[in-house]
Amino acid sequence: MLELQSVYRSWKDFSLNDVSFKVYEGDYFIVLGPSGAGKTLLLEIIAGIFFPYRGRIIWKGKDITFLEPEKRGFAYVPQNYALFPHMTVYENIAYGLEIRKLSEDKISNVVKNIASVLNIEHLLERRPSTLSGGEAQRVAIARGLAIGSKFLLLDEPFANLDPSTTSRLILEMKVWKRELGLTVIHVTHSFEEALLLGDRVGVMLDGRMSQVGSVKEVFSNPRDENIASFLGFENIIEGMANGELLEANGVRIVLPTRYFGRVRIAVRSEDIILSEEPFRSSLRNMLEATVVDVMDIGGLFKVTLDVGGLTLKALVTRSSAVEIGIQPGKKLFAGFKATAVHVFEA
Amino acid sequence: MLELQSVYRSWKDFSLNDVSFKVYEGDYFIVLGPSGAGKTLLLEIIAGIFFPYRGRIIWKGKDITFLEPEKRGFAYVPQNYALFPHMTVYENIAYGLEIRKLSEDKISNVVKNIASVLNIEHLLERRPSTLSGGEAQRVAIARGLAIGSKFLLLDEPFANLDPSTTSRLILEMKVWKRELGLTVIHVTHSFEEALLLGDRVGVMLDGRMSQVGSVKEVFSNPRDENIASFLGFENIIEGMANGELLEANGVRIVLPTRYFGRVRIAVRSEDIILSEEPFRSSLRNMLEATVVDVMDIGGLFKVTLDVGGLTLKALVTRSSAVEIGIQPGKKLFAGFKATAVHVFEA
Amino acid sequence: MNKSKRDYFDYLFAGIGSVLIAYVLYPILTLFGEQIVDIGSLLKAFRDEVVLEALRNTLFTSLISTFLALILGVPLGYLLAKREFKGKALVQGIVDLPVVIPHSVVGIMLLLAFSRRILDSYTGIIMVMLFVSVSFVVNSSRDGFLAVDPKLEYVARSLGASKIRVFFTVSLPIAFHSIATGGVMAWARAVSEVGAIMVVAYYPKTAQVVVMEYFNNYGLAASRPIAVILMGLSLGAFALLRALIGRLSKSA
Amino acid sequence: MNKSKRDYFDYLFAGIGSVLIAYVLYPILTLFGEQIVDIGSLLKAFRDEVVLEALRNTLFTSLISTFLALILGVPLGYLLAKREFKGKALVQGIVDLPVVIPHSVVGIMLLLAFSRRILDSYTGIIMVMLFVSVSFVVNSSRDGFLAVDPKLEYVARSLGASKIRVFFTVSLPIAFHSIATGGVMAWARAVSEVGAIMVVAYYPKTAQVVVMEYFNNYGLAASRPIAVILMGLSLGAFALLRALIGRLSKSA
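Sequence order for the protein chains is Z, R, P and S. All the letters of the first sequence, read from the start, carry residue numbers 418 to 763 under my numbering. All the letters of the second sequence, read from the start, carry residue numbers 418 to 763 under my numbering. All the letters of the third sequence, read from the start, carry residue numbers 295 to 546 under my numbering. All the letters of the fourth sequence, read from the start, carry residue numbers 295 to 546 under my numbering.
Careful, some of the hints might be misleading.
[As the list claims (entries may be wrong)] Just so you have them, the derived chain Z footprint on chain S, three or more residues with Cβ under 8 Å:
| id | region |
| --- | --- |
| 1 | 436-449 |
| 2 | 453-460 |
| 3 | 464-472 |
The set of hints was computed from the structure by calculation and includes no laboratory data. These figures come from a predicted structure and were not determined experimentally. Beta carbons: idealized from backbone N, C-alpha and C, even for Gly.
Produce the entire structure from the sequences given, and follow the hints as far as they go.
Following this line, the structure appears as structure tokens:
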């Protein structure tokens, strides 16, 4: 188990403040946050490139806060892959093994083994400059794993790859993790990667680890509005709760459970359903709305609604927008389930 | 009217091949294409920075193919805004006016006028390095328009701006165009900008102007599969047409009109509707399908379906995915209108 | 970067670096130090008409050569940065040549090329100085122009500026820091030259030649005061520029 | 960039640039040209024991000084590129000083600092050469190390390499081109020096001093052959390196 305890460090424009979390063995841990949140610095501190100004790092019960990076044995893969340009792919992967003074035969065996797992056997004699992004990423991972590390630190591993390469690598990553029994910390700003790969996720905002939990927990129950807004809950409304009912600006919204006093709620725009008629269904909330604006965002429509002075945003597909005939001025009904409402006490 | 006739030019990695199109006065013309298509080079050739190797450029009936840029009077706004760093905002906007040897009073009047239209009066004494992206973009546009140009060349004007600034600038751009009576050529890779701003659109792929027409025309009737695939028609199926029916791999698909022989069809993933039961409706196509894969892409689900050996992709919202209980192996029905099918003769 | 308890590697490198710094600094401090103890000879040098005349000559010739280097070098730096043409690599190679030619050979070469017309004249001194220093201006201004975003120049032209106007109102002001640095390096190089000047123009005497002459005729002690004055001039101007550039880049 | 019918601006700049190129090239071609016509004196110089001895001395001392410059300069270049420390700007300023100190003053300074122990000795020659050339190595290697992505060094350490191993297996190989260029510039600078060497060590005679001596004692024609040989040596090595670097950067 890796544990960070109240780690603090600043470097250039970035800083980490009081960052604490645990990564268990076998975990695929996603550090999710917008760019500039300090995610890379966090990974560099775990790798030992930078030491914290305050706080401690515990690895398998030992304090490694100030241990040199070469003594940690973590496989660190930075965002640009950082393949050694003056070595072949083979030499890159063998680099860590030569330091360990293995025999040439042994090195060759290990390199070929890991190369076959990562499907890069045909690249061994190539120079890094001739590799595609996806190939370079595999080589960088292979190089880290070759030293026998079971602990992989990935910095935005798919940031520079095209979508189809990313999809393939995501599927393969799952396989590698299982086959090699890895523990992974994976830093990213992509929800997709978090949802597809993560066992647990830590949301990093402004240098703080704002929430840590299973992917399902964090995505369905963001702990505060900042996290909610980062995770795409576009509708954040403030009002007075009285039991299961929230009143905001004269509009009444049904809550998933009982609250009292001033609260804020968050609803994802894609959880809002639009219809011309108030339809009978399991939806507890059905509000009369007027369309203010419609924006086509690459085939989907983002609809801005006015609900008695409150602004709501809904995301609908082209086909439903066309069917309902959505356009500014149109009156319609906006429905959402009570369970789609996330409540934060203000 | 501006007319390009079979323009050819290469420059570094980019080239333009046989590019022809017309931009009418008062048009908001969008040049839409992926990065690397040669859009910036096209704009630079229109601005006169580079001259074509072959072909002609006609502006208001005159051949300006080899006219120096300073004699064209187009307002050119490159992607990084290119504000003069050693001048204040005022001096930037006044630059083109001083060349024209106007009196200081006159210059001051023009600058203040255009600054008030673009809402940057409070920035006039600032240095470009202190401006936000949105402010810099306004100043760059003001500088181009100050010389009295009615013809604006915009290179990815919103590429470096955050989404809320982009939304605001898009709304304002519509106002400026109307108030100032501008003709605009706007280069972008964003469908959103094309749909929100464009009167007419030219799709650029690999240095060629593949299709030119009104936004509605191009988006609903892409002329070939490359354009269709670029515009997000993810489902491209080949089969034999016999009247209004296409047979592909034993699957029958209803076409919008009569075709015969080998054709390819394209359907947008967001035009496909999923349901557990075959529902009665105006949909002409209702295919039995098995879910192969589900990918969460930031709140929306991309569902890969197997339809008798054909692969279809559908895009659905979180709420419908949850409602239907979509997961690999699930059997369901995929429906789409015949009018959502775009046919290309192979 | 990292604070480690036993950072042998950094200590080793810092140690070697310190030796080098000491090697550069020690002679300079010795020169000034010995002169401070013997302030009388310095004051005497300031009253020595030969020395004053030589300093005037050095200043006069070096300023003219720097001016010429800027006039001739900046346009070439601009072309090397902004245009593609055949033989560009060759031109760049030729620009770098003066830096690697032995100084005594430079003198012989210029005499051979321009014959005795330039022997023992201000023209000869200036031509030597120009020859050995012009590379600095070309290379610095080239780097400066390379750093000017071409889009700025494109926009300026689309706003109605001719190429020459773009050069003076956009490219030159933005590259100014680099060009100024190159100019001062060229000036310092001109003042530092002695070997080639002694071949081409022993007269009119420049300060750098007088240092040699006093050393040869009257010994080390006699040459020291004028060496101090010459170096003070050189370093003073150099430091002044560093400060100036620092201030300018902060305010920009 | 653009082909325009009347591109006065480019023509003007190209014209000025051509004047400069001609000014640099003409003396060099004159020197070689006159020597080709008079090949006999060149062959005679090759049999002149004084000349050969002087060439050996120049080669010997310049190679040792370059070696020392590399040993002392590369670590400092590394620290300037890769570490933050107090007084870094001052250290950089000190590194640049030798370039701007007049050559005759350099000689005086070194004699004053290290006294007559270095007078007329190989040590003296080498110390002069080291002083005037070490800046090139420091600055070139600093630029080379600056271009090494820190992430490469981070990864190497995480793979188990100590700082010193990272330096030798990652940083140094990647910065090699720059360091090599700096080394050759330093060597060329060492060979080019004459003023300071004449002050510190007229004997043992180096080729650059012999050029001066032959010129002073026997006139222009007598000094020409050895000037040609010395410059041939300098330019030959310079061109060779340019080609080598070109080839290396292509293959990398």
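Taking a Cβ-Cβ distance under 8 Å as contact, does the region 464-472 of chain S have three or more residues in contact with chain Z? Since 3 is at least three, the answer is holds.
Would you check chain Z against the region 436-449 of chain S, counting CB to CB pairs closer than 8 Å, and say if three or more residues qualify? holds (count 5)
At a Cβ distance under 8 Å, does chain Z reach at least three residues of the region 453-460 of chain S? Check passed, 5 qualifying residues.
Of the numbered hints stated above, none is contradicted by the structure.
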